[in-house]
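Its first residue numbered 1, the sequence shown is counted upward by one per residue in this note's numbering.
Everything labelled a hint here was simulated from the structure, so no lab data went into it. No residue lacks a Cβ here, since even glycine has one placed at the ideal position from N, Cα and C. Honestly, I wouldn't trust all of these hints.
Said to hold, decoys possible - What follows is a list of derived Cβ distance ranges for each label pair:
hint	residue 1	residue 2	range
1	ARG90	ALA125	49 to 59 Å
2	ALA151	ARG112	26 to 36 Å
3	GLU56	THR91	35 to 45 Å
4	PRO220	ARG149	14 to 24 Å
5	PHE147	ARG126	55 to 65 Å
6	PHE166	GLY146	28 to 38 Å
7	ARG90	ASN122	44 to 54 Å
8	ASP171	TYR101	22 to 32 Å
9	ARG149	ARG110	32 to 42 Å
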Amino acid sequence: MNRPTDGRGHPGVPSLEMVRNGRRRGSQDSLPTRGAARREEQAERTERAERAERAERAERAERVSAGRSGTDLVPQPSREEALRAQLRERTADLQRVKAEYDNYRKRVRRDRLAVREIAVANVLARLLPVLDALAEADEQGEVEGGFERVAEVLWSELAALGLEPFGTAGDPFDPFVHEAVSYSDSDTLERPVCTEILRPGHRVGDHLLRPAQVAVAGPPTGP
1 MNRPTDGRGH PGVPSLEMVR NGRRRGSQDS LPTRGAARRE EQAERTERAE RAERAERAER
61 AERVSAGRSG TDLVPQPSRE EALRAQLRER TADLQRVKAE YDNYRKRVRR DRLAVREIAV
121 ANVLARLLPV LDALAEADEQ GEVEGGFERV AEVLWSELAA LGLEPFGTAG DPFDPFVHEA
181 VSYSDSDTLE RPVCTEILRP GHRVGDHLLR PAQVAVAGPP TGP
């Protein structure tokens with residue numbers, strides 16, 4: 001390379017223009033090197049991103065495959081088994097409906113019997129004074145001949161309707177069904193007892209029409 005000299009053949013000092021031209025050429029020579037480095041770095045980043053994306057897709061595919069495999073391991077019911085289960089369910093429903101209907105029929109029957117019993121009790125309660133008069137006439141011997149036959153049929157029909165007289169001498173006194181008209185002390189009795197039935201009581205089934213009027217004897221009540 002020829003270097004500038006002064007007039008005497010010695011190397012001279014480069015001029016300012018030469019220095020500027022040299023720097024410009026150096027900068028231009030380094031530009032391709034920097035661009036290549038940036039492109040290489042960008043390519044590496046792109047490759048790393050693609051590798052990460054491929055790894056993520058592979059992981060997702062593996063999870064999905066594992067999930068499907070787990071589902072395949074669970075035995076699925078066949079159509080026949082499903083139909084049998086449905087048949088059992090429908091049979092249970094029918095049995096439950098039948099039981100409910102049977103209970104309904106029993107309840108309706110009980111209600112009807114209760115209504116009938118109450119209606120009969122109300123009618124018979126109105127007839128009790130007639131029965132008392134008939135019993136008193138019978139005690140006095142006034143029911144004879146055809147009237148005696150009528151009285152027998154009347155008592156028979158009333159019994160068929162469920163009318164039941166009660167009250168017997170010697171029965172333990174029960175304040176729920178007995179009406180004490182008199183009470184006498186007795187040293188031989190440990191509890192009150194009906195000694196005389198002054199008027200019989202009457203009931204229809206579980207319905208008390210009227211209590212029995214009784215004379216009662218029992219332990220002394222005073223000191």
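Which constraints among the numbered hints does this structure fail? Numbers only, ascending.
Checked against the structure, the hints that fail are numbers 3, 4, 5 and 8, while the rest are satisfied.
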